[in-house]
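The chain contents come next:
There are 2 protein chains.
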Amino acid sequence: MTTLQGQKTGFIGLGLMGKPMARNLANAGADLIVHNRSSASVDELVSEGMAAGGSPSGTAQGADIIIMMLPDTPTVEKILLGENGVLVGLKPGSLVIDMGTTKVPVTRAFAKAVEDKGCDYLDAPVSGGTIGAENATLTIMAGGTDAAFKRAHPILNVLGSRITHIGSAGTGQVAKAANQVIVGLNIGAVAEALTLAKHAGADPAKVREALAGGFADSRILEVHGQRMIDDTFMPGARATVQRKDMDQALELAAELGIELPATSLSRDLYDWLIENGGADLDHAALIKAIDRY
Amino acid sequence: MTTLQGQKTGFIGLGLMGKPMARNLANAGADLIVHNRSSASVDELVSEGMAAGGSPSGTAQGADIIIMMLPDTPTVEKILLGENGVLVGLKPGSLVIDMGTTKVPVTRAFAKAVEDKGCDYLDAPVSGGTIGAENATLTIMAGGTDAAFKRAHPILNVLGSRITHIGSAGTGQVAKAANQVIVGLNIGAVAEALTLAKHAGADPAKVREALAGGFADSRILEVHGQRMIDDTFMPGARATVQRKDMDQALELAAELGIELPATSLSRDLYDWLIENGGADLDHAALIKAIDRY
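Chains as they are written, first to last, in the working numbering: chain F, 551 to 843; chain P, 551 to 843.
Bear in mind the hints are in silico, worked out from the structure with no lab data behind them. It is possible that some hints are incorrect.
Intra- or inter-copy, both count: the list cannot distinguish identical chains.
[Unchecked claim] Below, in silico cross-link-like pairs of lysine to aspartate or glutamate (DMTMM-like), each with a Cα-Cα straight-line distance of 25 angstroms or less:
1. 667 with 797
2. 794 with 841
3. 558 with 666
4. 558 with 594
5. 662 with 753
6. 748 with 809
7. 662 with 801
8. 756 with 797
Same shape as in the complex, but just chain F (with noise of 0.2 angstroms):
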C-alpha cells in the first residue's frame, strides 16, 4: 500500500473501465485527483473521497503521475494535447501512463512530447475488460523507458495480474493490437468451425466439449465460443471496438509496408456485421457473419 501514497494520482477518463480502475487504485492507498467528459462519474468519486481536477490540464497539475483511460485515439490528442489539455498543466517530472488502445505512430509523437516537458511517458494497454478492471486481473502490456516502467509499477500492480514491459514507447500498443488480432482473427476460426459442426449434423456443444484441452482449445473457444451456442451477444467488447481495433492494425502493417490478409478479411466480415444491425454485439457475433450463407 505504501508504494502509492506520497504522490498524487491523476485519472482521466471515468468510464466502464476507468472507474473501477480509479477504484482499486484509492482501496490500494493512492491520493486521487479525477477527471471525466461527463461530470456524473466524478461527482460519484468525489462523493467517495477523491478530488476533482476540473479540466485535464488542472489534473495533471494537481497530480504526479496521470493516468488516461480514453476509448480512442483522437480523444487521446484532444486531453492531452488540446487546449486546457494534460500538457499544459503537466509538472516537470510527471509521468503520463495512456491505458487505452491509442495508434502506435501517435503514442510514439505523444511520448516525445511529454518527453520533451522533462516528464516520463508509458503506454499501457490493458486486456480484460470491465471485468479484468473491476477484479483488478488486467494483462497489461507497457511500453517505454526502464525508468517509465519502473515508476510506474506499483500502480500497474494493482490493476492488473499480469505485466509485461514489451520495450520503448508505442510497443506496448504493439502488443495490444497483436493481441486485438489474435482476438478478432480466433474468434473467426471459432465461428467457422462451429458453423460447419452445425450444418454438418454435429451439435456444436458437444463439438466444443470435446475440443477443450486439445490443440484448438482457448480462451476464446471457451468464452466466444459458449456465447455462440447460447446465441448471446451482450457485450462484452462490442463489435466496435473490434472493428476500430482491427482497423488500427491494418492501418500500422500499411505504414510498415506489409500485409496481413487474414486480419483484412475480418475486418470485413465485422464490417458486414456493424451494417447489419450488429454495432452493439459482442464481437463474438461474428458468428453472423459467416452462418448467412
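Mind docking chain P on chain F? Use the hints.
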C-alpha cells in the same frame, strides 16, 4: 486391464501414430493382431509378442474389434472396401473403429457398409500428434451409435485422455474438421500478430509472453507461437497434412452449401507455403506465407 482381454483387437496402420498406439493397447492387456503396408513395423511388433494379420481381411478375420489408423481417405477406402479388405474378412458382430481423419460423407457410407454386415462402426479421429499417441493423451472425437461408442470406450480410454461422443456416425469426423479449422486459422492469427509485432519494433517473444493468460492465449500461441519465434519448423504436423485437412473441411462446406471465407484464405496461404518449399515443415511455418511482403 481386464476389459481389453477376452477379445482379439486388430490394428491396421502402424505409422508414427499407430505403432505407439498399438503398443499402449498391448501394455494395457489387449490381445493384438496387426497389419501394415510395409512389413518392418509388423515384424517389430510381432517380435514384441503381437500376431501378424497378413492382410486387412486376415486381420479382420482374426479379430473382434478392428482399429484403422491410416493417413487419408483413399487409403481407408482401399483397406476397408478393397480386394482383401477388412469387409471381406469381417465376422458378424465385430466393431470397426476408424481413428484417422477421413472425409465425412464417405465415413457415413463406410458406417453403412459395415453395419450392413451386422457389425458396429465408430469414427474416432484424434488430436494430439505423435506425442499424444505415445503418452496416451490423445483427444478423441467419436461418432456412431451409443452401442458402438460403449463397446469402443475401454480401448479409447487406453489411447486417449479426453474422449467425447459427439453423435451419430460421421460426427467424430465433423468435430475433427472443426478442430483442424480452428488450429489452421489460429496459427494464421498468431502468425499475423507476431509479424506485425516484429515489423513494428516489438520483440515477438515479449509480445507472446505478454499475451499469455489473456483472451489471445491458446495452445497455438504457446506451442506454435514459440516455433515461429524460434524460426524452427521441424514437424510436428506437416503443412501438407494441415492443407489436406483444410481442403476436406472446405469440400464438406461446399457439399453443405456454406462458405468458410477464412478457411478458404488459409488454405490458399498453405498452398503458397507448400509451393515455396514448405511442404515438409511444421504447419506453424505458415508465418512464412505472411511475412513475405
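Is it within, between, both, or neither for residue 558 and residue 594, if the alpha carbons may be no more than 25 angstroms apart? So residue 558 and residue 594 pass the 25 angstroms test inside one copy only (19 angstroms; across, 74 angstroms).
Within, between, both or neither, where residue 756 and residue 797 count as close if Cα-Cα is 25 angstroms or less: between (34 angstroms within a copy, 23 angstroms between copies)
When no copy is specified for residue 662 and residue 801, does a C-alpha distance of 25 angstroms or less occur within a copy, between copies, both, or neither? within (21 angstroms within a copy, 53 angstroms between copies)
Between copies, within a copy, both or neither: which fits residue 662 and residue 753 at Cα up to 25 angstroms? between (54 angstroms within a copy, 21 angstroms between copies)
Is it within, between, both or neither when you check residue 794 against residue 841 at 25 angstroms Cα-Cα? Both. Shortest intra-copy (23 angstroms) and inter-copy (23 angstroms) distances satisfy the 25 angstroms Cα cut-off.
With identical chains, the pair residue 558 and residue 666 could be close in the same copy or across copies; at 25 angstroms between alpha carbons, which is it: within, between, both, or neither? within (22 angstroms within a copy, 80 angstroms between copies)
Could you figure out if residue 748 and residue 809 sit no more than 25 angstroms apart (CA to CA) within one copy, between two copies, both or neither? Classified as between; 13 angstroms across copies, 32 angstroms inside a copy.
My question is about residue 667 and residue 797: at a cut-off of 25 angstroms on alpha-carbon distance, are they close within one copy, between copies, both, or neither? neither (31 angstroms within a copy, 58 angstroms between copies)
When each numbered hint is compared with the structure, a violation occurs for hint 1 only.
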